[in-house]
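Student: The chain contents come next:
There are 2 protein chains.
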Amino acid sequence: MGAQRLVVIGGDAAGMSAASQARKRRGPDELTIVAFERGRYTSYSACGIPYWISGAVEDMDKLVSRTPEKHRDNGIDMRTRTEVIAIDVAARTVRARDLDGGREYDEPYDDLVYATGSVPARPPVPGIDAAGVYGVQTLDDGAALRAELDGGHVQHVVIIGGGYIGLEVAEACQVRGLDVTVVDRSATPVGTFDPDVGEFIADAVRNMGVKLVMSDGVAEIETGADGQAVAVHTASGRRLPADLVVLGLGVRPNVALAREAGIPLGPSGGIAVDHRMRTQAEGVWAAGDCVESIHRLSGQRVVVALGTHANKQGRVAGINLGGGYATFPGVIGTAITKVCDLEVARTGLSEREADEAGYRFVTAVVDSTTKAGYFPGAAQIRLKLIAEQRTGRLLGAQIVGREDAAKRIDVLATAIWNEMDVDEVLSLDLSYAPPFSPVWDPVLIAARKAFDAVDAEARSPDDQPG
Amino acid sequence: MGAQRLVVIGGDAAGMSAASQARKRRGPDELTIVAFERGRYTSYSACGIPYWISGAVEDMDKLVSRTPEKHRDNGIDMRTRTEVIAIDVAARTVRARDLDGGREYDEPYDDLVYATGSVPARPPVPGIDAAGVYGVQTLDDGAALRAELDGGHVQHVVIIGGGYIGLEVAEACQVRGLDVTVVDRSATPVGTFDPDVGEFIADAVRNMGVKLVMSDGVAEIETGADGQAVAVHTASGRRLPADLVVLGLGVRPNVALAREAGIPLGPSGGIAVDHRMRTQAEGVWAAGDCVESIHRLSGQRVVVALGTHANKQGRVAGINLGGGYATFPGVIGTAITKVCDLEVARTGLSEREADEAGYRFVTAVVDSTTKAGYFPGAAQIRLKLIAEQRTGRLLGAQIVGREDAAKRIDVLATAIWNEMDVDEVLSLDLSYAPPFSPVWDPVLIAARKAFDAVDAEARSPDDQPG
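Protein chains in written order, with full-length UniProt numbering: chain A, 1 to 466; chain B, 1 to 466.
Don't take every hint at face value.
[Said to hold, decoys possible] Derived lysine-lysine pairs resembling PhoX-like cross-links, with alpha carbons at most 25 Å apart:
| # | chain 1 | residue 1 | chain 2 | residue 2 |
| --- | --- | --- | --- | --- |
| 1 | B | Lys70 | A | Lys371 |
| 2 | A | Lys62 | B | Lys371 |
| 3 | A | Lys449 | A | Lys371 |
| 4 | A | Lys449 | B | Lys24 |
| 5 | A | Lys371 | A | Lys338 |
| 6 | A | Lys338 | B | Lys371 |
| 7 | B | Lys62 | A | Lys371 |
| 8 | A | Lys449 | B | Lys70 |
| 9 | B | Lys338 | B | Lys211 |
| 10 | A | Lys24 | B | Lys449 |
| 11 | B | Lys24 | B | Lys70 |
| 12 | B | Lys338 | A | Lys371 |
| 13 | B | Lys62 | A | Lys70 |
| 14 | A | Lys371 | B | Lys211 |
| 15 | A | Lys70 | A | Lys24 |
| 16 | B | Lys338 | A | Lys70 |
[As the list claims (entries may be wrong)] Non-contacting residues of chain B with respect to chain A, defined by C-beta distances greater than 10 Å in every case (computed):
| # | residue |
| --- | --- |
| 17 | Thr80 |
| 18 | Arg81 |
| 19 | Arg146 |
| 20 | Gly177 |
| 21 | Ala187 |
| 22 | Ala219 |
| 23 | Glu220 |
| 24 | Thr223 |
| 25 | Pro264 |
| 26 | Ala335 |
| 27 | Asp355 |
| 28 | Glu388 |
| 29 | Arg390 |
| 30 | Ala413 |
| 31 | Glu424 |
| 32 | Asp429 |
[As the list claims (entries may be wrong)] Per the computed footprint, the stretches of chain B lying under chain A, defined by three or more beta-carbons under 8 Å from a beta-carbon of chain A, are:
| # | stretch |
| --- | --- |
| 33 | 43-50 |
| 34 | 306-320 |
| 35 | 366-379 |
| 36 | 403-411 |
Since the hints were derived computationally from the structure, they do not count as laboratory data.
Predicted model only: the values in this text are computed from it and were never measured.
We put the beta carbon where it would ideally sit given N, CA and C, even for glycine.
Could you build the full structure based on these sequences and the hints that come with them?
Tutor: This is how it looks when you write it as structure tokens:
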């Protein structure tokens with residue numbers, strides 16, 4: 001019997017982590033690995049694109065952790081600029097098209113890893129497909145966007161969507177000296193934060209000179225005679241001049257191929273997978289931005305497009321299809337970003353999410369410092385905790401602050417992961433020395449205050465007798 | 001019936017946290033609070049003393065979080081420069097001496113909080129009590145040490161003991177342009193780290209220009225005709241000139257009073273307390289550096305002198321004696337410090353400690369960066385994990401690195417607290433964005449490698465058949 005065949009669709013984090021893990025466990029005699037990538041690049045950091053656009057990262061190559069050549073050296077038949085245009089799950093073949101040569105051919109598989117990532121959400125408005133409208137999902141996208149900026153004719157940039165990517169690209173363009181406006185339907189940027197935290201983000205964005213048009217949507221993208229975008233019209237009737245429009249509305253899982261092939265999707269619209277990253281189609285695995293995950297707090301299926309999950313899920317798929325055993329136990333909604341010198345982070349549920357998940361909760365907000373208050377360089381940090389009524393279980397946390405503030409979210413993420421109560425969190429043996437924290441670390445102060453809130457609520461008369 | 005009487009011995013973190021919590025729960029009509037402090041200062045950061053000595057903190061007052069006057073405003077009868085010289089647990093009185101006036105008097109109590117802190121370990125060598133030999137436990141100690149340095153006649157400083165405090169004071173003196181030598185019996189500084197990590201600390205100390213005399217003890221302190229220390233003689237026969245000698249050998253719990261009063265000590269030499277911080281003497285509570293705590297991993301009783309525990313324990317004692325309910329659930333040995341620009345931290349058990357506690361374990365060491373590798377300012381970070389054989393339970397972690405490296409120890413401390421296995425740690429939903437971490441956070445990379453080590457060990461032939 002010949003070698004088994006593994007086909008991977010998608011040459012970035014999830015797909016290539018799976019391929020590498022499988023290769024580690026099965027040599028070329030046992031397993032043939034063919035990987036298809038539509039773009040020119042493999043295994044790169046899409047999250048790093050804004051920093052390459054701004055110039056903070058000088059060389060695009062630095063964003064690439066493993067080139068096609070390196071994958072080939074590792075015994076993977078890596079085919080870039082090759083798009084998979086169909087999957088036949090019954091025949092166990094994929095149909096591939098060479099984007100440069102135009103040749104089409106079938107490739108058989110025993111195991112398939114579906115790792116197509118995500119596509120930017122595109123509002124269904126006139127002009128959305130005009131020249132000058134860019135996504136920033138792939139390194140090819142990023143290269144095109146940067147080439148446009150380097151062309152020197154861009155002066156006005158409008159970013160549609162004030163989420164993480166939207167703000168990161170806004171800052172990058174602002175650093176390049178451009179006139180930047182961000183349009184978003186929410187009242188405050190990064191709508192996954194509660195509005196009280198979002199206000200800090202809004203201030204930071206404005207302070208760096210980026211204009212914010214909030215609580216407003218996009219109605220139309222006006223194009224010039226040459227078909228190039230020239231302005232964005234908002235729902236409220238504003239006209240924002242735009243030589244360049246960036247889609248920062250978040251992403252949708254790239255599931256078109258899977259849907260056509262009959263690989264079942266889940267309620268969230270992502271591909272349904274089990275803990276081992278198996279889809280419901282025989283021999284088909286999936287990982288990364290295109291799949292849905294279990295949110296450990298809400299119990300809901302969610303699609304979270306984030307490189308860290310893509311890497312972990314790809315690893316899990318690769319171990320399993322290589323004959324090992326591994327699981328991906330879900331997500332809790334941890335995220336972090338930096339807006340100028342403002343750091344923000346979140347984990348668990350926001351107030352709105354906790355509400356939707358049916359939790360009753362109390363909140364606590366504290367202001368503290370990242371180092372001992374008297375220590376040079378001590379920076380502001382504000383923490384907000386959300387804790388379940390009665391039990392005191394920590395449900396969510398948000399941090400906003402300056403240098404060294406936001407990474408503390410990981411402690412709270414680990415506490416939430418372990419279903420800790422705020423009462424126990426405040427007892428945690430966290431590190432202390434004046435250059436690193438006040439004697440009560442801000443995390444502990446917040447837990448103490450949340451505990452007091454849980455305690456006070458428990459003592460208050462029950463508003464629902466009976 | 002009149003107000004109950006609470007007497008507190010010790011006006012720093014533990015004692016005054018207890019007093020403040022009790023005051024919060026019981027007003028002056030219900031509870032009279034008298035607090036005795038031998039020194040001039042209350043509620044200060046002893047950990048901040050080195051930074052005041054170096055000049056990083058300009059004003060000593062900044063180290064004081066609550067002055068005696070503030071405590072008095074809060075309804076606490078705060079008596080500074082007053083030493084408690086005896087406790088009569090049968091009669092429920094303490095004997096106090098006014099250090100300035102000389103007056104002695106008895107003070108009755110219903111509840112007593114014993115929070116006398118620690119005293120520096122003093123090697124029993126000739127000359128140890130000479131003028132010019134300083135501890136750095138109290139703000140009065142710090143003020144005396146700084147006055148000596150400000151006097152301008154000090155040129156050579158010898159620090160006995162290369163632990164946290166020893167190195168912090170060494171750096172402070174070095175910053176002041178002095179000739180500094182650290183003497184320690186261990187092979188590497190901060191002996192609570194494994195030697196492989198300790199080597200990095202040794203290099204950092206030497207690189208800043210501080211001399212290290214390791215694997216050597218102190219035999220004698222030579223004094224001049226005026227009784228002032230002039231040199232330190234080591235066990236190996238070296239003579240180190242010293243205008244100033246600092247005791248950095250760590251501390252002993254200050255339990256002399258308790259021992260005389262018959263308040264039972266535990267096996268570690270600290271005062272024995274239960275989870276609510278009650279001693280075995282009726283009406284006597286204790287908290288802070290003078291008590292012993294349960295180490296949650298070794299199961300042993302240990303004395304850990306650290307402001308963060310003192311504050312938590314004082315809070316617990318104060319809540320309980322104020323009629324509430326709170327517990328202190330123990331420690332896991334978390335510590336952090338900075339040597340020049342080198343950050344080091346630890347939590348859980350070191351290899352030696354794990355061995356002594358009877359664990360069998362594997363270790364994993366990884367080198368990574370604090371931000372995405374391509375991101376400007378990405379700094380080195382090395383993590384070492386210790387995981388139990390077979391189960392994979394995380395037992396200990398050590399970090400050494402540059403800017404933003406060490407505080408990540410808190411994630412591992414939280415994981416250890418929750419008895420997580422490295423397999424689950426590597427799945428944690430930790431925050432990721434290029435300015436904050438690589439896509440696999442160093443903590444996750446280390447957990448992945450530790451998991452591999454656990455896995456490899458489990459597959460190896462059992463060396464103890466039968």
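Student: A separate judgement is required for each hint: does it hold in the structure or not?
Tutor: Results of checking the hints against the structure:
no.	hint	in the structure
1	B:Lys70 x A:Lys371	holds, 23 Å
2	A:Lys62 x B:Lys371	holds, 13 Å
3	A:Lys449 x A:Lys371	holds, 19 Å
4	A:Lys449 x B:Lys24	holds, 14 Å
5	A:Lys371 x A:Lys338	holds, 19 Å
6	A:Lys338 x B:Lys371	holds, 12 Å
7	B:Lys62 x A:Lys371	holds, 13 Å
8	A:Lys449 x B:Lys70	holds, 22 Å
9	B:Lys338 x B:Lys211	holds, 17 Å
10	A:Lys24 x B:Lys449	holds, 14 Å
11	B:Lys24 x B:Lys70	holds, 14 Å
12	B:Lys338 x A:Lys371	holds, 12 Å
13	B:Lys62 x A:Lys70	violated, 56 Å
14	A:Lys371 x B:Lys211	violated, 29 Å
15	A:Lys70 x A:Lys24	holds, 14 Å
16	B:Lys338 x A:Lys70	violated, 39 Å
17	Thr80	holds, 21 Å
18	Arg81	holds, 24 Å
19	Arg146	holds, 15 Å
20	Gly177	holds, 19 Å
21	Ala187	holds, 23 Å
22	Ala219	holds, 31 Å
23	Glu220	holds, 32 Å
24	Thr223	holds, 34 Å
25	Pro264	holds, 24 Å
26	Ala335	violated, 6 Å
27	Asp355	holds, 21 Å
28	Glu388	holds, 18 Å
29	Arg390	holds, 16 Å
30	Ala413	violated, 6 Å
31	Glu424	violated, 7 Å
32	Asp429	violated, 5 Å
33	43-50	holds (count 3)
34	306-320	holds (count 6)
35	366-379	holds (count 5)
36	403-411	holds (count 7)
The structure fails hints 13, 14, 16, 26, 30, 31 and 32 (numbered hints given earlier, in ascending order).
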